[in-house]
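Novice: Residues per chain are reported as follows:
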Amino acid sequence: MGFEYAPAPESRSIVDIKASYGLFLDGEFVDGRGSSFKTVNPATEETLAEIAEASDADVDLAVRAARRAFRGWSRMSGKERAKYLFRIARIIQERGRELAVLESIDNGKPIKESRDVDVPIVAAHFFYYAGWADKLEHAGLGANPQPLGVAGQVIPWNFPLLMLAWKVAPALACGNTVVLKPAETTPLTALLFAEICQQADLPPGVVNIVTGAGGTGQALVSHPDVDKVAFTGSTEVGKAIARAVAGTDKKVTLELGGKAANIVFDDAPMDQAIEGIVGGIFFNQGHVCCAGSRLLVQESVADEVLARLKRRMSTLRVGDPLDKNTDIGAINSREQLERIRELCEIGEAEGAERWAPACDLPSSGFWFPPTLFTGVAQAHRIAREEVFGPVLSVLTFRTPAEAVEKANNTPYGLSAGVWTEKGSRILHMASQLRAGVVWANTFNKFDPASPFGGYKESGYGREGGRQGLAAYLKGAEA
Amino acid sequence: MPTTAPTDPAPGLTAYSEVTASEASLRRFLHGLPGVDQVGAEARAAGLGTRSIKTTAKAWALDLAIRMVDLTTLEGQDTPGKVRALASKALRPDPADPSCPSVAAVCVYGDLVGEVKAIVGDQVNVAAVATAFPSGRASMAVKLADTRDAVAGGADEIDMVIDRGAFLAGHYLQVFEEIVATREACVRPDGSHAHLKVIFETGELQTYDNVRRASWLAMLAGADFIKTSTGKVQPAATLPVTLVMLEAVRDFREATGVQIGVKPAGGIRTAKDAIKYLVMVNEVAGDDWLDPDWFRFGASTLLNDLLMQRTKMTTGRYSGPDYFTLD
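First to last, the protein sequences are chains A and B.
Numbering that gives the first Met the number 0 puts the first residue of the first sequence at 0, with every later residue one more than the last.
Numbering that gives the first Met the number 0 puts the first residue of the second sequence at 0, with every later residue one more than the last.
Isolated chain A (complex conformation) (with noise of 0.2 Å):
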């Protein structure tokens, strides 16, 4: 008999799910105006509760309230700012247990992540960026920085409340009032947020959020009122936000997708490299914006590279995101289990090798297996276009110049991983490399004072660090 590992699953009786929820303006839970939709745990199809669809009134009180709020707030000492900032990031660690199991719930994500990963950074990027409010003329930003005013804030599904986090937490420090819409799959955690917010005191409108999918966030980022805008999601949005931002006077920062290169030389070390590969595209199922979904293996050692992949990846579990033991959790929705679907086929139609270890998949809710690809070429769809899933392209090199060049060959430039024993070849791809962060001999790895950002389609403008409060202060450039 084998060690077969019985089911650990993470209670759910911490999480209390209403029926409905409304949207969170200047300070308080209203009804929204207009119509609803429902969001479900994608791990089950279950639905979990109706959400307000804000409409462009509900959009418009949000940035009054906002715009009212910013008086106060703004003219607020940083260190009572601080205060506040402290405080949420205390509750956001008394409180993680439940966050992260709503997070996991409503995302699909395994709880080890939400649990490890997502919260931890979330609290934080609070306790970082709190630590600047009262230290804003230090950061090298000009001697009086003044901060923008409204922010309107645009969120991804694939890690809502850290995302959330990177957004509110700088915006509130430099003085700026927000309003924030989460992604239309995965509310939850943000609306759980408006009541850490209401729990810390924060003064009413300083924090708003309104739920709700395309529309909304169009009614946002296009409102009058709104001093900046601050967007992460695919590219093809992040353009139409510029779009519609070009010729007012919003400030905008940009974190769009990417297509990283992670690049493996023959004198890598070997099983931490393995590790390195499997975390950089199999975290989040692969809903990372700056996944290494490009593996650039050097040919001398490919197939012992390869080998000892499909062995890890034979590992990997595969199942309910509440289990404990969970590997890789549940696609974040029918739309993006489509998509991957999709571009799966393309790549085999286009002459690339598919593997994936056996895995039993449930039967309800979105699943999809940890996949390679081996076989591709530049050429090759797979590994141009962002799948935003567990789905790793395999391309080989033969030197360190060509190695950059296949990096670099990409629309996108969000990150990028370096993997050799050889400390002055990391130095020398890292300046070569045309990716706003490159790891070397890690993957996947963020905190709070370490900016990020991208190059090229991946975006503009930097978060995290003292960089990422340029974004939200007058006059200054990241």
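Read the hints as simulated data drawn from the structure, not as lab findings.
Quick caveat: nothing in here was measured; it's all calculated off a predicted structure.
One or more of the hints may lead you astray.
Here are the simulated lysine to any residue pairs, SDA-like style, with alpha carbons at most 20 Å apart [as the list claims (entries may be wrong)]:
1. A/K309 <-> B/K53
2. A/K421 <-> B/L289
3. A/K421 <-> B/H30
4. B/K271 <-> A/Y4
5. B/K311 <-> A/A5
6. B/K53 <-> A/G1
7. B/K53 <-> A/F2
8. A/K323 <-> B/F28
9. A/K421 <-> B/E282
10. A/K455 <-> A/P410
11. B/K311 <-> A/A7
12. B/K53 <-> A/K455
13. B/K53 <-> A/P410
14. A/K37 <-> A/D265
15. A/K309 <-> B/G120
16. A/K309 <-> B/H30
17. B/K53 <-> A/E183
18. B/K53 <-> A/Y4
19. B/K271 <-> B/L289
The hints should help you fit chain B onto chain A, whose structure is shown.
Specialist: Just chain B now, with coordinates in the frame of chain A:
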């Protein structure tokens, strides 16, 4: 005195005969092994440590862990009475529950092998530490005599220490030859041999690169088991060190077809820790190693915690330490 040479090396191993032909070739080979990234290895070990093993899986793992214990006493104050008591416990760890399995072996100093053997007979193995344990600082003649003495006394397994000084000085061939010689000293007159466990004292080797090199060195020299520590140096066994060794035995079998066992020893005190190791064995080396023939825990206090958790699983209640024997 070995009358028969050790059995011929496995066919997969002959390909490596050139590697061990000279100091230079052995060094080139060991230094050509892929490096270990410390941060990555520790992160992987910590990640595996978060597996949640419950109910039936936990009950299964606890029994397996008990069967894998090398129940150990290696004190200057050990007496025949003390080791006899330990031997009785090894046979019947939980006198109140006959369904509780025996441990794998009792591990003592060479002069006490006979005392243990008298109690356990053939039901539990007897392991003896040898080769000037724990420091390994003695002449080769003394180390070999120490080994032969224990084998002649009836030891089923020999736990030898490598010369860490020689290893750290880069004298890999010297370490290799010492292991080969000790392996020969393990041969009994009938041609069978006591199983050889090679202790690296990873707390003294310090780096994971060294642990990987020592693992390959010992496996090429004919070790049956590779073992982390004596228990006399801190840190002793850790999850990341064991991870690197499990990767080494996995890769070695893939390269040569020869399977080698792994024994973390020292510092593993709780059932929870033991289960983390078993998860690691399962996911890194594979379930072929989930057997007392291929994985052991060198421990003393671990056994009582395993028993306490086992009783909790069967009765639903925690009992106190007074319900388990102290030996």
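Novice: Take the hints in turn and mark each one as holding or not.
Specialist: Hint check results:
no.: 1; hint: A/K309 <-> B/K53; verdict: violated (28 Å)
no.: 2; hint: A/K421 <-> B/L289; verdict: violated (36 Å)
no.: 3; hint: A/K421 <-> B/H30; verdict: holds (14 Å)
no.: 4; hint: B/K271 <-> A/Y4; verdict: holds (15 Å)
no.: 5; hint: B/K311 <-> A/A5; verdict: holds (17 Å)
no.: 6; hint: B/K53 <-> A/G1; verdict: holds (15 Å)
no.: 7; hint: B/K53 <-> A/F2; verdict: holds (12 Å)
no.: 8; hint: A/K323 <-> B/F28; verdict: violated (41 Å)
no.: 9; hint: A/K421 <-> B/E282; verdict: violated (29 Å)
no.: 10; hint: A/K455 <-> A/P410; verdict: holds (6 Å)
no.: 11; hint: B/K311 <-> A/A7; verdict: holds (18 Å)
no.: 12; hint: B/K53 <-> A/K455; verdict: violated (48 Å)
no.: 13; hint: B/K53 <-> A/P410; verdict: violated (47 Å)
no.: 14; hint: A/K37 <-> A/D265; verdict: violated (49 Å)
no.: 15; hint: A/K309 <-> B/G120; verdict: violated (45 Å)
no.: 16; hint: A/K309 <-> B/H30; verdict: violated (26 Å)
no.: 17; hint: B/K53 <-> A/E183; verdict: violated (36 Å)
no.: 18; hint: B/K53 <-> A/Y4; verdict: holds (7 Å)
no.: 19; hint: B/K271 <-> B/L289; verdict: holds (17 Å)
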